[in-house]
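Student: Here are the chains, one letter per residue:
Number of protein chains: 2
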Amino acid sequence: MPIPHLASTPALDLEKRILAAKPAIEHWLRKQWKHHTVPFYCSVDLRNSGFKLAPVDTNLFPGGFNNLNPDFAPLCIQAMMIAVEKICPDAHSVLLIPENHTRNVFYLQNVAALQSIMQQAGMNVRIGSLLPEITQPTTIPLPDGQSLLLEPLQRNGNKLVVENFDPCAILLNNDLSGSIPDMLRNLDQTIIPPLHAGWATRRKSWHFSAYDNVAQDFAELIGIDPWLIDPYFTSCGKVDFQEKEGLDCVAAAVDEILSQIKEKYTQFGIKEKPFVIVKADSGTYGMGIMSIRDGAEIYKLNRKQRNKMTTIKEGTVVKNVLVQEGVHTLESIHQAVAEPVIYMIDHLVVGGFYRVHMSRGVDENLNAPGMHFVPLPFDATCMQTNPEARPDAVPNRFYIYGVIARLALLAAAIELERYTQASSLALAEAQ
Amino acid sequence: MPIPHLASTPALDLEKRILAAKPAIEHWLRKQWKHHTVPFYCSVDLRNSGFKLAPVDTNLFPGGFNNLNPDFAPLCIQAMMIAVEKICPDAHSVLLIPENHTRNVFYLQNVAALQSIMQQAGMNVRIGSLLPEITQPTTIPLPDGQSLLLEPLQRNGNKLVVENFDPCAILLNNDLSGSIPDMLRNLDQTIIPPLHAGWATRRKSWHFSAYDNVAQDFAELIGIDPWLIDPYFTSCGKVDFQEKEGLDCVAAAVDEILSQIKEKYTQFGIKEKPFVIVKADSGTYGMGIMSIRDGAEIYKLNRKQRNKMTTIKEGTVVKNVLVQEGVHTLESIHQAVAEPVIYMIDHLVVGGFYRVHMSRGVDENLNAPGMHFVPLPFDATCMQTNPEARPDAVPNRFYIYGVIARLALLAAAIELERYTQASSLALAEAQ
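Chains A and B, in that order, are what the protein sequence lines are.
First residue of the first sequence? That's 5 in this note's numbering, and the numbers climb one at a time after it.
First residue of the second sequence? That's 5 in this note's numbering, and the numbers climb one at a time after it.
There may be inaccurate statements among the hints.
Since the list gives no way to pick one copy over another, a pair counts as held whenever it fits inside one copy or between any two copies.
Stated by the list, open to error - Here are the computed lysine-lysine pairs in the DSS-like style, where the Cα-Cα straight-line distance is at most 25 angstroms: (1) K20 with K275; (2) K35 with K90; (3) K242 with K266; (4) K304 with K277; (5) K35 with K163; (6) K90 with K38; (7) K275 with K242; (8) K90 with K242.
For the record, the hints were derived by calculation from the structure and aren't laboratory data.
Only chain A is shown next, with the shape it has when bound in the complex (with noise of 0.2 angstroms):
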């Protein structure tokens, strides 16, 4: 597929000084990656007003691996390498446990390509499935001719196994959405990432606030306003939309979080009309989001909002709300808007790809069901960089979304590591 230019976007200062801060950033992040674990793999989407840069959801089991440039598959295997010497060096066999959709061929066939990387990065991988009705090794074929073999998991003890192959290692490729299955808890095996990273106990709210003090340092670092890369957020909780408890809280966050925008467009000259997103603070797949401009707009959804708004992914009730600065897009490809979606091997950018969508508007969530986005792999590496082009052009403005998605991919590597504090002092206190 040929790959159009992108709608340009207005030079940003924020551009030029990431581009010209390029040692002083790389030599930053490298001493980040000497002080904190890094999530073995990470999704990150970005969202490019042309005035901020920001993360808007940085995922912790990626899904569309076969939605990047194939020529950059080496890049993609050799961070494989260094993510597995790093995470489970003694590690030679890997068992892959994915997402429940065996009916969704697009996610399948990012199965596929993460069990490629992996097999190409020199590990023996096989896939084990949690559903039920997978009871002997079933292959599905794939749109490209592959196919996919899913095997039933067995527990052997505190191992988890399939048919003839032992696993020094198990890989997550499920956000563990609905809760934690008992086949995975107390198993002698290394689980990548940890039981903890998933959706069963994450909440967004916790990595934002991470991020808040990522973006801090960053933006001391390269001397801008933070705000630039960091969207405004709170959260409420105890909140149920279907029986209107809760909405209170809600709407005067959102009422907030407005005020706390129009200062902010006030102060940088900025004419658009803010929004902001109610979402879900635990989940993934773009359920449970909305766009709001005005708090009392709660008070008046309708039963197919508040639905929406209820029961998520797996039938998850949603009852912590995360309300968040919504950030305009200004990317799109004829005329249909755009989000950047960056791919993380440990802490390597291994590129990215545009969510396109042909009937959504600028502040309107791309990530929604049935929204039959188009992918469009990025035509170049998030690490090259040309000083002799726009601050704002290709590959520039790839090299800066890679700059962001690390910082995301920090703050989720901080989440991770004040939960395991968190929960080890509850602990002890328990005790």
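Starting from the known structure of chain A, fit chain B onto it as the hints suggest.
Tutor: Just chain B, lined up with the frame of chain A:
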């Protein structure tokens, strides 16, 4: 340049075994990199005779980064990021010290390629020249329209600097063939690779002695005869070809190696005529090398041949010689003999090229002065294998080359460790 297919080699048991054992090999290599400090960068010349695949030269100051396939530049950049993290995590400014060949435009393109890789990896890099005639910043135009800025090195106490640039590390791309310049001694900055990796101290026989051990372990891992990847060798000291001193040792060594080879050729049913290579035990650039088939030839060298064996790069006089089993090269392109050269940054194989020579035989040294070799960049990475292709087809062959090259890299790591241990022992004994 389109990449022609290579004359194919007979399918080898060796190749099949390496491909089948990929997970075991990568796992074994991961273990080695945990226990050994790997050189910052390295290139390895290989010989593939169809029945034997072996390294014949391991260069710790690689000079052909410009010959790699530009499509794989991202791999070099990513590997450079890893190398910097491991070896000089606190550095953000590096002074690159090249060889003193200001007139060799091929070499200068290598320096430019290396500088670009480091800059794209986020380092500030400037080039300090040891040449006395570089008394002020000198821009040298390159054929591709780029240019290279050479600056005079200045010693500032225990630091090497160039004007307005205070580097935290020195990267040598100068193999110190003659001797270690005083300017480089007793510096407070990190020097990469260490000074003892240069030819002023390094010996090929030490390298191949370390390689013997590595090849032995690897052969055991995959169940092969280590000879299939390891050339026989021995060395002689106090040799003076000019004065015809020490020739008995060389002639006897040649005959001994020849008889060892003959035994193996008989064992494996190989019909080729054995030959040995006699070369300087320290040094590079293919100087001081000859190919012979009988120990008696050593006494019959004419004046020109004796001169060639006596004085090598920068007027260094050969005293120690390496006598090594010759490995035929079976690879050819349009009837021209080809020798693969593999490039590594840290422990990562980033690419390679063929050194192609139109007028040399299968049993001659291809890295000879005035050889005007044609570099033919590899058109695939050395990581990706294709289980459905022949074991000797690209990309499988390149993967195998990458494995053998990494064995030589590991030998270099061990060789440098042994040298450090031996030096501190000598120092301790002297006190």
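Student: Against which earlier hints does the structure fall short, listed by number upward?
Tutor: 3, 7, 8
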